[in-house]
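Peer 1: Order-wise, the sequence lines are chains G and A.
Basically this note's numbering = 1-based index in the first sequence + 310.
Basically this note's numbering = 1-based index in the second sequence + 574.
Don't take every hint at face value.
[Claimed, not checked] Covered stretches of chain G (in silico footprint by chain A; criterion: 3 or more residues with CB under 8 Å from a CB of chain A, positions within the stretch not fixed):
| hint | region |
| --- | --- |
| 1 | 363–376 |
| 2 | 384–391 |
| 3 | 413–427 |
[What the hints assert, rightly or not] Straight-line Cα separation of at most 30 Å, DSSO-like style, residue types lysine-lysine; simulated pairs:
| hint | chain 1 | residue 1 | chain 2 | residue 2 |
| --- | --- | --- | --- | --- |
| 4 | G | K536 | G | K572 |
| 5 | A | K594 | G | K383 |
| 6 | G | K399 | A | K672 |
| 7 | G | K399 | A | K594 |
| 8 | A | K672 | A | K600 |
| 9 | A | K600 | G | K447 |
These are computed hints drawn from the structure, not numbers from a lab.
Note that the structure is predicted; figures quoted are calculated from it, not measured.
Quick reminder that beta carbons are idealized off the backbone N, C-alpha and C, glycines included.
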Amino acid sequence: MSGNLITFDDVSRFYGEVLGVNRVHLAIPPGVTSLVGPNGSGKTTLMNLMTGLIRPTQGSVRVLDVSPDHPEKLGSLIGYCAQFDSFPKGLTGYQFIYSFLRLHGMPHAECDQRTWASLERVNMTPAAARPIAAYSKGMRQRIKLAQATAHDPRVIVLDEPLNGLDPMARAETIALFGEWGAQGRHVIVSSHILHEVDRISDQVILLSHGYVVAEGQIQGVRSEVKDQPMQILVRCDRPHLLAARLFQQDHVVEARIHPDGKSLLLRTLDADSFYLLLNRVVLDAGLDVESVAPADDDVNSVYQYLIGGEGGTV
Amino acid sequence: MTERSIWLRQLGGVFRLELKKTFLSKRAWWIYLLALGPAGITTLHWFLEMTHPMGRHSLGDDVTAFAALFQIYYLHLGIFFGAMGVFSNLFRGEMLEKTLHYYFLTPMRRELLVAGKYLAGLTVALVLFVGSTVIAFLTIGRHFGAAYSEYVLHGPGLSQLGSYMLVAALACIGYGAVFLMCGLFFRNPMIPAAIVMVWENLNPFLPTLLKKISVIFYLKSLCPVEIPVPPPLSLLVVETNPTPAWIAVPGLLALAALILGYAAVSARTAEINYE
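Only chain G is shown next, with the shape it has when bound in the complex (with noise of 0.2 Å):
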């Protein structure tokens, strides 16, 4: 089973004095897996040290069973598509992924054609021949990316993969991930835009000033969240009814009747014993129920209840 994990067992990195990350357990199965938190809260620690880039100060991290000790190995593993916005001098779109895939000991023509290949991924042909330095900076990170996945691996890590998308190639961008992850592969994503990590996540790691505030899908999390009320949106034909019964309930903190009329939106403290009851008042009253889904069970919310800040973007 750890064979198709990434763990990190008890993992510490201090910087100097400065602290990276501290006491890291995590198991990464395969899928999208986002990484959030503010800045300087650790997420480019945890993708440098599960990519070799830098060694735990304590624990051990293991990539598919793999030590980053052994880059040899774990560089076909691997594809790092980091933060930093900086190319070898003087090469082109088209060299620049050729150049390092010939690294990997492939012969020319498996080189050649992977380079095209990935080029076609991220709609960077037709600028293949162009210089680097010529390139804006959507580009440039369309290109970080396909060097990054040229040479096929089972294990993608991206920090902050959308800086300088447009929405076209954002969008583009975000079905790759979800593609990658269908596929088995592990998407490790950071991103401050969270809005879009809901999106494209199938699991979630929250940190904050180094350490890991929550893991896992993001209902499981936001359900262990239980200081917080949890937020219900339902779609029926008689809201007024509902928020009468439910203000009968200590659980329930709030509730709040749509201007449109047809839905109410509740924060309870005890969600299991707000789905009892509307069973009952939809058995008692014959309350026609169109729809009822959480309202909170998304990163933005999470975030916000775990570390707290600004919504939408952190």
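With chain G fixed as given, assemble chain A onto it according to the hints.
Peer 2: Only chain A this time, still in chain G's reference frame:
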């Protein structure tokens, strides 16, 4: 595909990439100037002296002048600083430009990365400094015409040229290894470079035992023409028998290999820290 053929491809890949970056770098203009400066001066000397066919000095004077140019300029300044510019940038330059992680993320043994970078730097240094030595040697006495051709082709000239080329190449190999290691270990390679420079320049005045812990001592032992040290410096010079070539050449190669080996082993645990 055998592991050896993969290694060769990886080594070739690093070599080509580094050669492209190092050879055609605009920022390396001062290294080209360092290398080609003396060749330019000797070429100018040739043209100026052509108006005096019999010369205002003897061929022997030019041979001694070249020996001085080689030992004082090439060994103490040109190759020393040129190697510093080329080799210390192989890792430190990538750190400054934040591009080393691209290499570190490939499935390549770090030892091969060190070797590939070193070979690319060495190629550049050899072409520049051995090439410059050859041009300078062939042009310094060119104005003597047939007499100089006779000296080179049928006299001791060709063997002297061979020795100078060997010494220039060994200097590139030795200093290259030292500066590659400095670039890997030190945030500012200028500091260790300054220490090495002071040590190497103090060499003539050091006791015999200490003299031998340097690169310049062995290089000077291999130079075909001795240059007299003018007074009052000659009073401070400690005379030591030159090391025979059969010790100096393999000794320098072994020293370079040792330093590179240490750099390669250290590179295995090197981290990316662009701060």
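Peer 1: None of the hints should be skipped; say for each whether it holds.
Peer 2: Checked hints:
For the region 363–376 of chain G, the assignment as covered by chain A holds, since 3 residues bring a beta-carbon within under 8 Å of that chain's beta-carbons and 3 suffice. Only residues whose C-beta sits within less than 8 Å of a C-beta in chain A count toward coverage, and the region 384–391 of chain G has 6 of them, enough to reach three; the restraint holds. With a threshold of 8 Å between beta carbons, the proposed coverage of the region 413–427 of chain G by chain A holds, since 5 of its residues qualify and at least three are required. Annotation: proposed proximity of G:K536 to G:K572 holds, straight-line Cα distance about 28 Å (limit 30 Å).
Taking the CA atoms of A:K594 and G:K383, the gap is about 27 Å. The hint holds against a cut of 30 Å. Between the alpha carbons of G:K399 and A:K672 the distance comes to roughly 11 Å, so the proposed pair stays at or under 30 Å and holds. A distance of roughly 9 Å separates the Cα atoms of G:K399 and A:K594; the hinted pair therefore holds under the 30 Å criterion. At roughly 18 Å between alpha-carbon atoms, A:K672 and A:K600 fall within 30 Å of each other, so this suggested pair holds.
Under the criterion of a C-alpha separation no larger than 30 Å, the hint pairing A:K600 with G:K447 is consistent with the structure, at around 24 Å.
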